[in-house]
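Undergrad: The whole structure should be built from the sequences, with the hints applied where relevant.
Residue 269 in our numbering sits at position 269 of the sequence shown; the count goes up by one each step and never skips.
Treat the hints with care, as some may be off.
As the list claims (entries may be wrong) - List of simulated lysine-lysine pairs, DSSO-like, C-alpha gap at most 27 Å:
#, residue 1, residue 2
1, 88, 57
2, 166, 88
3, 248, 268
4, 26, 9
5, 53, 39
6, 35, 9
7, 39, 12
8, 39, 26
9, 53, 9
10, 262, 284
11, 12, 53
12, 196, 284
13, 192, 220
14, 196, 172
15, 268, 196
16, 9, 57
17, 192, 268
18, 220, 262
19, 166, 180
20, 268, 220
21, 12, 57
22, 57, 26
23, 284, 248
24, 248, 35
25, 180, 262
26, 180, 196
27, 192, 180
28, 88, 39
29, 262, 248
30, 180, 88
31, 88, 53
32, 284, 268
33, 220, 196
To be verified - Label pairs and their in silico Cβ distance ranges:
#, residue 1, residue 2, range
34, 222, 300, 18 to 26 Å
35, 33, 13, 21 to 29 Å
36, 15, 300, 53 to 61 Å
37, 204, 123, 17 to 25 Å
Just so you know, these hints were derived from the structure itself, not from any lab. Glycine included, every Cβ here is placed at the ideal spot set by N, Cα and C.
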Amino acid sequence: MELCEIIIKWCKELRFEFLQYRIEFKLIQVMINFKQFDKAYSSISTLISYVQKSEDKLLLLDLYLTQCSLGIGINNVSQAVSFLTNAKTVASSINTPLELQFKIELLSGILQADVSDYRTAVPYLQEAFDIAESLNNIENGTQALMYMLLCFMLSDDVDNLARIMKSNFCLKLVDDSRIKGMLNLINAYMSKDINKYREVIQDPNFSLKDEQTIVYHLEKNYESVVDNSIMDIVYAYSHLQLNFIAQKISLPVSVVSTQLEKMIIDGKINGILDESLGVLIQYKATVESEEIYKSNQICENLSQVANKLLKYCDLLK
Numbered sequence: 001m002e003l004c005e006i007i008i009k010w011c012k013e014l015r016f017e018f019l020q021y022r023i024e025f026k027l028i029q030v031m032i033n034f035k036q037f038d039k040a041y042s043s044i045s046t047l048i049s050y051v052q053k054s055e056d057k058l059l060l061l062d063l064y065l066t067q068c069s070l071g072i073g074i075n076n077v078s079q080a081v082s083f084l085t086n087a088k089t090v091a092s093s094i095n096t097p098l099e100l101q102f103k104i105e106l107l108s109g110i111l112q113a114d115v116s117d118y119r120t121a122v123p124y125l126q127e128a129f130d131i132a133e134s135l136n137n138i139e140n141g142t143q144a145l146m147y148m149l150l151c152f153m154l155s156d157d158v159d160n161l162a163r164i165m166k167s168n169f170c171l172k173l174v175d176d177s178r179i180k181g182m183l184n185l186i187n188a189y190m191s192k193d194i195n196k197y198r199e200v201i202q203d204p205n206f207s208l209k210d211e212q213t214i215v216y217h218l219e220k221n222y223e224s225v226v227d228n229s230i231m232d233i234v235y236a237y238s239h240l241q242l243n244f245i246a247q248k249i250s251l252p253v254s255v256v257s258t259q260l261e262k263m264i265i266d267g268k269i270n271g272i273l274d275e276s277l278g279v280l281i282q283y284k285a286t287v288e289s290e291e292i293y294k295s296n297q298i299c300e301n302l303s304q305v306a307n308k309l310l311k312y313c314d315l316l317k
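TA: Structure representation (structure tokens):
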């Protein structure tokens, strides 16, 4: 970082603006590598304001894409969408290199996945994957494939998953620990094997520290796997010991109790927890309770639709 700052100072003295901007961009990338996201976010905004006045549209495109990645990294999706829109505007006016086009497609897919629109995300990720294949870029291909596998799993799209995995380029990627981990997760998810799912996530060889979007969705999906596993156990009983449920899915009783409380509040289970006896008591569904549950489901679905429409409006800005 010190070397970059020395070169930047030298460029300013000699008024080498184009070189100065590119070195400043390198400095920002170093900040990102050192996880100095706030500092990088502030610096890149300032640099963009200067580069916009120059004719270096290729650098401006790269800056917008980096800014978009930072927006995703700090969980500011609405701004990330705006930055990506700016990038696409610049890209449409120049002959965009394939490496940058890959970033555009990948970020488009990631942002769609961020709003849980997994089926819309897949075509963008497929395009990114195809670009990586044309460049024979293993790392880019691995990154695009990881997000595709995530979207296939969360949208239950097994047919397209099988089609993708038969491609020659995929054969070069399947030995990567991240791809192996994603495939093992999909197998655990499809078989509703909560223990296997948890083992894969906790496997130290399955490192996703640089893919926070994937980590977020896997953790969110883990709750869904736990819910499904609990429902498979309790659906036929009116009274059930919490210890029995915990033993069946190999989770602590405290975790099972907390999850059951959430499921009761969400209306997934019609019953109560008797903490003194450590028992789940389920009631027979009445017509009234079914109607209330369906009304709650309709309200929840409408809320999700409204949220998606708002995020799509952001995409169109």
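Undergrad: Are the Cα atoms of residue 12 and residue 57 separated by 27 Å or less?
TA: 21 Å, holds
Undergrad: Given the proposed pairing of residue 9 with residue 57, does the C-alpha separation stay at or below 27 Å?
TA: Roughly 23 Å between the alpha carbons, so the hint for residue 9 and residue 57 holds.
Undergrad: For residue 88 and residue 39, compute the direct alpha-carbon distance and say whether it is at most 27 Å.
TA: Roughly 25 Å between the alpha carbons, so the hint for residue 88 and residue 39 holds.
Undergrad: Holds or violated: residue 268 with residue 196, Cα cutoff 27 Å?
TA: 24 Å, holds
Undergrad: What's the verdict on residue 248 and residue 268, does the C-alpha distance respect the 27 Å limit or exceed it?
TA: Measuring from Cα to Cα gives roughly 19 Å; hence the hint holds.
Undergrad: Are the Cα positions of residue 284 and residue 268 separated by 27 Å at most?
TA: Judged against 27 Å, a Cα distance of about 13 Å means the pair holds.
Undergrad: Are the Cα atoms of residue 196 and residue 284 separated by 27 Å or less?
TA: Status violated; Cα separation ~33 Å.
Undergrad: Is the Cα-Cα distance between residue 220 and residue 196 27 Å or less?
TA: The hint holds at about 16 Å.
Undergrad: For a C-alpha distance cap of 27 Å, please report whether residue 26 and residue 9 respect it.
TA: Since the Cα atoms of residue 26 and residue 9 sit roughly 14 Å apart, the hinted pair holds (cutoff 27 Å).
Undergrad: Is the Cα-Cα distance between residue 180 and residue 88 27 Å or less?
TA: 33 Å, violated
Undergrad: Does 21 to 29 Å hold as the CB distance between residue 33 and residue 13, or does it fail?
TA: 27 Å, holds
Undergrad: Below or equal to 27 Å on CA atoms is what counts here, so check residue 220 against residue 262.
TA: Measuring from Cα to Cα gives roughly 14 Å; hence the hint holds.
The structure fails hints 2, 12, 24, 25, 30 and 37 (numbered hints given earlier, in ascending order).
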